[in-house]
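From first to last, the protein sequence lines are chains X and U. Each residue of the first sequence is one higher than the one before, counting from 0 in numbering that gives the first Met the number 0. Each residue of the second sequence is one higher than the one before, counting from 0 in numbering that gives the first Met the number 0.
It is worth saying that the hints were derived from the structure and are not from the lab. Fair warning: there could be bad hints in the mix.
A pair counts as met if it fits within one copy or between any two copies, since identical chains are not told apart.
With a straight-line cut-off of 30 Å between C-alpha atoms, the simulated DSBU-like cross-links for lysine-lysine are [as the list claims (entries may be wrong)]:
1. Lys22 x Lys60
2. Lys433 x Lys183
3. Lys22 x Lys287
4. Lys205 x Lys433
5. Lys60 x Lys344
6. Lys344 x Lys433
None of these values were measured; they are calculated from a predicted model.
Number of protein chains: 2
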Amino acid sequence: MTQPLYQQIADEYQRIIHSGALKRGDRFPSIRHIMQTQQVSMSTAVQACHVLEDWGLLRAKARAGYFVEDVQAHKQTTSPSAASTATTHPTELPEDWAKRYDGLHQLISQWLAEAEQKPVHIDFMTAVASPSLYPTAQLNRAATSVLRRHPEILTTFARRYGHPKLRAVLARRCAERGMPLEGKAITITHGCIEALNLALRAVCSKGDVVAVESPTFYGVLQALEAQGLQPLEIPTSAEHGISLDALEMALDTQQPPVRAVICMPTLHNPLGCSMSDANKQALVALCKRYQVPLIEDDIYAQTGPEQALGKPAKAWDSDGSVIYCSSLNKVLAPGMRLGWMAAGKWQARVEMLKYSQSRYIDELNQLTAASFMESQAYDRYLLRFQAHLQQLRHCAAQAIERSFGTQVQVIYPSGGMMLWLRLPDDASALELSKRALEQGVLTAPGPMFSSKPRMAHFLRLSYGAVSEAQIENGIRILAQLLPQCRIHATLAKTA
Amino acid sequence: MTQPLYQQIADEYQRIIHSGALKRGDRFPSIRHIMQTQQVSMSTAVQACHVLEDWGLLRAKARAGYFVEDVQAHKQTTSPSAASTATTHPTELPEDWAKRYDGLHQLISQWLAEAEQKPVHIDFMTAVASPSLYPTAQLNRAATSVLRRHPEILTTFARRYGHPKLRAVLARRCAERGMPLEGKAITITHGCIEALNLALRAVCSKGDVVAVESPTFYGVLQALEAQGLQPLEIPTSAEHGISLDALEMALDTQQPPVRAVICMPTLHNPLGCSMSDANKQALVALCKRYQVPLIEDDIYAQTGPEQALGKPAKAWDSDGSVIYCSSLNKVLAPGMRLGWMAAGKWQARVEMLKYSQSRYIDELNQLTAASFMESQAYDRYLLRFQAHLQQLRHCAAQAIERSFGTQVQVIYPSGGMMLWLRLPDDASALELSKRALEQGVLTAPGPMFSSKPRMAHFLRLSYGAVSEAQIENGIRILAQLLPQCRIHATLAKTA
Ligand SMILES: Cc1ncc(COP(=O)(O)O)c(C=O)c1O
Ligand SMILES: Cc1ncc(COP(=O)(O)O)c(C=O)c1O
């Protein structure tokens, strides 16, 4: 995916600022200067500045142009003592917020914190479905029955690495999807996010480079930064997924070398794309050739029809070098926080890391999930669930069409619970998200999905936890706010 | 606590080996040489070698004396690629075990892994009580009722940072103990171990020095090493707890400086001691004076009578610089894995770290615990629980007296569920633990509680999860094995 011109320019200035050639407080080149040196239009120059401002690298002073902001905030430091000053927005947060989230991906942390302080009426950000779409009553009954059959379950020390019954059921369900596994190859975790964190801790150490898709799930970027790891963004398209050519080049030439690859081959978050089975196989072979562990995040796989999505990449793993991570939080029960992983040759290490970080997982939820998942009711439920999501996706598509017309481009995926909207090139998704939040509509702005000042005019909408009426209203509100968030509306500010 | 002579000598040789002056494969000085240069008896010299061998720093070759083993294994590296070779024991584990647990505290990881591969009949290691001592039936009923009253709890996204009801109940219970807190100052975690890990991540970064008690809970040492932090062991006595003089000196002079202090002022694990309220207050003041955060682990506080144990140190925290960590896994329900912390001025940072590492805690257990803990039944239960533990402690004391006579010294604490046995100076607790494990008796050998080759002749016995008959039998087995684990029995090997 080639970046729009303004993003290329923003990228370039980011490099210059990080190199130290432009320092905090320095006056930033004028719009006119950028137009001349880069040979671009005024609107492109302004847009590039806008992106850098969204990103917290520039600050606009009334009638004085742009000034360089603190860049420490975007470097990888986890020490609270590292020098760091807050960028100016958001003004609502206390003065030292930057320090609070130092090394935890400022932009993501800031947005999560802002979202928490406002009342939210329509939640397009949380990527789960509503309780009515999950097998709520069945799980509740299953839990009651587990409590009856295991009266001491709450006061007995939990089994190591997960309950054998859940591990066995998960293994069987994997085998059905063409990925044969033994129960004892599976480790139960606190959600997929813990699995991803453990995978990274097992194979990397501070300062290492990790290849990620661009864009990628913001949780991955935040985990990387919190562990002091450096993301290397590999171009990823909404049609084919990660570019294998670009990845190969990175594995071949990158210095310091790439230590791990994190990838969502099936129903990518946020793009929604799924790689073909042939490409998944090629991905595994590529990582194996360079002896770099592949961390596969497969969390959305069962939210769409299997025939359209293919197998997990792990199905082609012949020597345990793929670390498979998933959870039941999207597909079965977000209230249980059950995740799991098959860490291949790193399993012993991952399990010891998990022990030292959070010990074992309590068993009530595990047995509840296992007893439902071992039955055929689970298969029937999955089909219903997928159909419900498809219905909501359809509804969202119509609302987008109606409210945005051709201003917005979307590729509709064959599963999952989110859409990746491409707004007009001169729109600021961050601005749009902020204004929408003021009206109680919570979305995930594109810049959260990159560690560079990119994705400025993309927006992720999750539609699983909202009603059809909310989809309709929420999208109308977004469309109404869009014109105020386009660059021509803000040109006056600095030109 | 002054170290016995052989440990001082072992410490010294550890420093020499780590300095690189003695390298892997080098012949270690002969017993005779050690006797001459250090001016000690043969038995002391042999014992020092024995400690270094337990620790994996030396390897005995038949008729050839001692050779230096791999020292990388004891340095702090988290990269699996760092050069590292396994020590020779235990022979049962696969060849690359050292690499597996590289940077995860070899000795602790090795013992945990060994323990898992053997059948255990008498578990003196797991520091919890048996289900019959906990309010098992009451909690089970409470859980069933929560499921009835909150039918969608398993399929609803969990609330951030913990359920308000549990946070409020915990805050009220703290206030009763003289530590006023607001519910919103509390963060719910996956056990106390996650709380400790988050506290460290919030205030330290890789390479930092953290002051710990000596001995200290092995989970702290493992967490430190897994995060690439350096423990600095502060002498700690079974009578008074951590030496405030030694701590002050360390805060004053240590280079690189101490970044955090971790302390268990009440019912220390493994010593069982509790600091006086005056000393707790002095500890808080000391850390505050040096502006170093104090991480307080208070997990055993409610296993003993409050009048004997005093308040938490956090009660004297005036500016949010104490990070308080605890859990319900010892005192209420090990099967729930509920922990919590009050992170003071680091709360926002801790919560974002928790979000990036493991998101939120599922709510069924939280509401179950809250509904029991808000009732007076909880107070009545606590008294019963403490009395039960005291009864078991009494039983263990008698068994030790009967089986060991004066060979073993123990200080009996006023709470908790463990005893710290001082074996004869020439005994190897690691050897004893290994032999006992062969017979199905699992204990925690002293060296797990230090990052230096110390505590060789100490043993921790947890008595909460075993019956009186098991206590009796287990201790008899240990006493029978002891003579084979004293240095004179192994002198022949290398002298
Ligand atoms: C791609 C992806 N991976 C991981 C996660 C985290 O999953 P869990 O909630 O199971 O920790 C999410 C959830 O937002 C996700 O979208
Ligand atoms: C002193 C101490 N802190 C923390 C822990 C870990 O607690 P949890 O099981 O709540 O994670 C333990 C348990 O062994 C302990 O003894």
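- [ ] Using 30 Å as the alpha carbon limit, work out where Lys22 and Lys60 are close: within a copy, between copies, both or neither.
- [x] Only inside one copy: Lys22 and Lys60 sit 16 Å apart there, 62 Å across copies, limit 30 Å.
Task: Copy assignment of Lys22 with Lys287, given that the CA separation must stay at most 30 Å - done: neither (42 Å within a copy, 35 Å between copies)
Open item on the list: Within a copy, between copies, both or neither: which one fits Lys344 and Lys433 at a CA-CA cutoff of 30 Å?
Closed with: Between copies only: 27 Å across, 44 Å inside.
Task: Intra- versus inter-copy proximity for Lys433 and Lys205 (alpha-carbon distance at most 30 Å) - done: For Lys205 and Lys433, neither the intra-copy (34 Å) nor the inter-copy (35 Å) Cα distance is at most 30 Å.
- [ ] Using 30 Å as the alpha carbon limit, work out where Lys60 and Lys344 are close: within a copy, between copies, both or neither.
- [x] Answer is neither; intra-copy 54 Å and inter-copy 32 Å both fail.
Open item on the list: Regarding Lys433 and Lys183, is the shortest C-alpha distance of 30 Å or less found within a copy, between copies, in both, or in neither?
Closed with: between (46 Å within a copy, 26 Å between copies)
In summary, the structure is inconsistent with hints 3, 4, 5 from the numbered list given earlier, while agreeing with the others.
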